[in-house]
Amino acid sequence: MTAEAIAINMAARASIWLKPHRIVLILIALALVLCAAFFMRWDWLPQYWEMGLMGIWRALWILAVTCALGFALAVPLGLAQASGPIWFSAPAKAFCTIIRGTPLLLQLWLLYYGLGSVFPQYPWIRESWLWPYLRQAWPYAVVALTFSFAGYEGEVMRGAFAGVPRGQLEAARAFGMSRWKIFRRIWLPQAFYRALPTLTGETVLQLKSTPLVATISVIDIFAVSSKVRQDTYLTYEPLLLLALIYMTITGILVFVFSRIEARIPVKIG
Amino acid sequence: MELLSPVAPGWGGTLLVGLLHSIEIAVGATCLGLMIGTAGAFGKLYGGPVTRDLLAVYTTVVRAVPELVLILLLYYAGTDLINQVLTAMGYSRVDISGLAAGIFVLGFVQGAYSTEVIRGAILAIPQGQIEAARAYGMPPGLMLRRITLPAMLPFAIPGLANLWLIATKDTALLAVVGFFELTLATRQAAGVTKAYLLFYLAAGALYLALTLFSNLIIGRVEAWSRRGMPSVKEAR
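Protein chains in written order, with the numbering used here: chain B, 1 to 269; chain X, 1 to 236.
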């Protein structure tokens, strides 16, 4: 494609986006943003922006860790439900049903307040090396969010594993591959490609669940905005900024995943 | 165990009242969400360019921001706005009931999701059915009632059922703004009696029971909405 063709292509794309009514809408939106910038109070920003960055970092860290651990847990959960014997598939199904049938906030509080109040009653737990971690809030947050992600994604992986055509697996077996090799080379990659579009949605949902950890005293970006609201008695400004931050992160996540999705082979099955 | 008994020394009654409030909010929010969703879907499909763009902004923003942030924002902004309008019109300020505010907030969030579900379901209707209705000279209202809504129902029910389950679980988030529903009731009961694990497990069982019961009903409704259609299993 020549440079001229690319320029025409871009101009055509811009003309689709910049219709007259869109320009008016964008101008109105800009005016609203400018009004917010000038007429609302933002003088607290310099004092809190360091804390805010720390909060964003912590939210992203929790998101990454819980998604990775949750996916690692979702693979055996999905596999057990798709092809395991009953004593594997029944517990896996029960786990997914319980996680998906109760609110995450309740699971979080069950772990933090419930288990957190039971642990100190046993001296051997208090003397173990785990105790310094069990006294903090973030391990409970990580465990609760990991279980939640694993529960929802396990159900998706069940469908993805079951959706891989039998012929593929039979062909792999005919080649004399071992069971582990079939799983690693054929079954898991194909199931992963099938699950990838839903994985984007699940990750965004997980991002939207992270503010819940603020209710058990983990200082993420949501907790920072609550602190700003308490300190300055401002209601809207911190919340609007918070909404903007989450929208930005969501946009970046969706963009990154669409790039990954574009890389995988399209024709499967 | 006697802590869970429904009469006075036990806290079972408190939990059940909380559950009732949760269900009330979930039902109200789903109904409001369905109304917003139907209107939004028709706006997105048949509306003018400005309507479409505004609805796209609404669904995108609501689905990109965490429910908890939206609930806080709408809870404060909504009650504040109503009071400002009332004072501007010369009335005195009113206390918005938690129930109404909760239904409004969750319904607004649900509306964005159900807009997308219903839009997809309407698009899945075979085009010929709508054309046939137009050819018979049906006015739009009659066509909506007789053709579009019944024909889209089998496509929309699975997505809407999911939304109902999400709504029942999202009511828990209202505990953060201090609305008395099952999760907050549990927290109060647990805080007073110090039996944290017991009460959280009991509340979990209640939510789970609600979900499983809903699944039962949803299965029935789905079968009913698909009546007269070929089974999906046979088609594969």
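If you're looking for bench data, these hints aren't it; they were derived computationally from the structure.
Since this is a predicted model, take the numbers as computed values, not measurements.
It is possible that part of the hints are untrue.
[What the hints assert, rightly or not] Each pair of labels, with its calculated beta carbon distance range:
id: 1; chain 1: B; residue 1: E50; chain 2: X; residue 2: L197; range: 35 to 41 Å
id: 2; chain 1: X; residue 1: L123; chain 2: B; residue 2: V118; range: 50 to 56 Å
id: 3; chain 1: X; residue 1: P158; chain 2: B; residue 2: G251; range: 26 to 32 Å
id: 4; chain 1: B; residue 1: N9; chain 2: X; residue 2: P126; range: 21 to 27 Å
id: 5; chain 1: B; residue 1: T248; chain 2: X; residue 2: G128; range: 40 to 46 Å
For every residue, glycine included, the Cβ atom is placed at its ideal position computed from N, Cα and C.
Hints versus structure:
no. : hint                             : in the structure
1   : E50(B) with L197(X): 35 to 41 Å  : holds (38 Å)
2   : L123(X) with V118(B): 50 to 56 Å : holds (51 Å)
3   : P158(X) with G251(B): 26 to 32 Å : holds (28 Å)
4   : N9(B) with P126(X): 21 to 27 Å   : violated (35 Å)
5   : T248(B) with G128(X): 40 to 46 Å : holds (44 Å)
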